[in-house]
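Chains as they are written, first to last, in this note's numbering: chain A, 1 to 181; chain B, 1001 to 1196.
It is possible that part of the hints are untrue.
Below, in silico cross-link-like pairs of lysine to aspartate or glutamate (DMTMM-like), each with a Cα-Cα straight-line distance of 20 Å or less [unchecked claim]: (1) Lys1112(B) - Asp110(A); (2) Lys1111(B) - Glu60(A); (3) Lys173(A) - Glu43(A); (4) Lys106(A) - Glu117(A); (5) Lys1111(B) - Glu158(A); (6) Lys98(A) - Asp110(A); (7) Lys1097(B) - Asp1071(B); (8) Lys1021(B) - Glu60(A); (9) Lys1097(B) - Glu1076(B); (10) Lys25(A) - Glu179(A); (11) Lys1095(B) - Glu1085(B); (12) Lys1112(B) - Glu60(A); (13) Lys1111(B) - Asp110(A); (14) Lys1112(B) - Glu58(A); (15) Lys98(A) - Glu116(A); (16) Lys25(A) - Asp1022(B).
Partial selection, computed: residues in chain A whose CB lies under 10 Å from chain B [stated by the list, open to error]: (17) Glu29; (18) Glu58; (19) Ala153; (20) Pro157.
Using C-beta positions, here's what the derived DEER-type ranges look like [as the list claims (entries may be wrong)]: (21) Asp129(A) - Gln1032(B): 23 to 31 Å; (22) Lys1185(B) - Glu38(A): 40 to 48 Å; (23) Arg169(A) - Glu1160(B): 45 to 53 Å; (24) Ser42(A) - Glu1094(B): 26 to 34 Å; (25) Asp110(A) - Ile1172(B): 26 to 34 Å; (26) Ser78(A) - Ile1172(B): 43 to 51 Å; (27) Gly126(A) - Gly1180(B): 30 to 38 Å.
In case anyone wonders, no lab produced these hints; they're calculated from the structure.
All residues carry an ideal CB built from backbone N, CA and C; glycine is no exception.
Residues per chain are reported as follows:
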Amino acid sequence: MPHIPLPEGIPGIRSLALQYPESGKYLYELVQILLRHESPLSEAERELIAAYVSYLNECEFCCKSHAAASRYLFADASGTVDLALHDYRSAPISDKLKSLLSIAGKVQADARTVTEEDVALARSFGAVDRDIHDTVLIAATFCMFNRYVDGLATLTPEDSQVYAEMGERMATKGYVVPEQK
Amino acid sequence: MPHIPVEEHLPGITGLLEYRKDTAAPIRALTQFLLRGSSSLSAGERELIASLVSSRNQCVFCTQAHTTAADILLGEAESCRQVIENYPQAPVREKLKALLHIAALVQVSGKKVDSAAIAQARQAGASDQEIHDTVLLAGLFCLYNKYVDGLATGLPSHPEYFKQLGERITTIGYVRLPGGYDHLKKKSGSESSKDL
Chain A
1 MPHIPLPEGI
11 PGIRSLALQY
21 PESGKYLYEL
31 VQILLRHESP
41 LSEAERELIA
51 AYVSYLNECE
61 FCCKSHAAAS
71 RYLFADASGT
81 VDLALHDYRS
91 APISDKLKSL
101 LSIAGKVQAD
111 ARTVTEEDVA
121 LARSFGAVDR
131 DIHDTVLIAA
141 TFCMFNRYVD
151 GLATLTPEDS
161 QVYAEMGERM
171 ATKGYVVPEQ
181 K
Chain B
1001 MPHIPVEEHL
1011 PGITGLLEYR
1021 KDTAAPIRAL
1031 TQFLLRGSSS
1041 LSAGERELIA
1051 SLVSSRNQCV
1061 FCTQAHTTAA
1071 DILLGEAESC
1081 RQVIENYPQA
1091 PVREKLKALL
1101 HIAALVQVSG
1111 KKVDSAAIAQ
1121 ARQAGASDQE
1131 IHDTVLLAGL
1141 FCLYNKYVDG
1151 LATGLPSHPE
1161 YFKQLGERIT
1171 TIGYVRLPGG
1181 YDHLKKKSGS
1191 ESSKDL
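Between the sequences and the hints, there should be enough to build the whole structure, so can you do that?
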């Protein structure tokens, strides 16, 4: 049960944005710009970074929903997502994305541990400044979302079908602030 | 040296917020709303929460910046120093202590916030809104701390910088300056040449 009263039956971040719409507006705006607006990283890749950081933070709601969005966006290669979440080093993804996931993992654990070598490795695989920047900011942003969602003990659905629908909506419609019905 | 090219005269978070302004806009707006918007917690108390989380994340820039802001708003430096050192013994009201405890748990992981911590805060008089704001504020500072340190941003070369930053965020707040930050370039330039 959530630590504070939230709209019943509404999961995760959506329940918080409904109950606290002003902060919700800024949070949805941030994630829409970060995960959908222009970036050298594809939307599928950015969703994978979000899912991976959420996985490391053990935030089930964020991990399952962003993994579902990433699967939808990877389309024919949707199997990539679960392989990468399981072990990105052996997953069928580019070396560049592997090196960025490694940076994202360090940001999640302790951001001070991201070294020049980590960044140089990513650059050697073709990462540009914006790849580095966006990876760190996505990782940091999901460290906020995960804490917000779990710190208030929001509802986490168990049905995998719910996440598949959520992922499709996130992939096709983007991040639209929920409205009270 | 920062991992990406940011303007040299803008250490810490400011260089990053200027590097990508489209993502900076909602981050700034959320910060202004949470730290300066109307609340039953004073702006100084909210800066204490930001300082505690930043210090637990060992983010030197953010800790220094928000400690300076808290000190200005509270009119003394003892509270923030003690909150960082040992908040259960700090000279702040019981309700804030209970909220600082929740923030300290959030810093470790959202999953650490248990019903005992919530019950303790309620017993000390905390409202749903205050509990909500504390959790989001602690989460937001994890974002900031990780953004600032994950990209290895620099510390100001001049100690005066935090004083000026503290004055700016306690008067103007967290919104972007309409004219940007080029005036700091001239200022720090003349100061460093004066120092030489």
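Worksheet item: Where does the structure disagree with the numbered hints, that is, which hint numbers, in rising order?
Response: 8, 20, 22, 24
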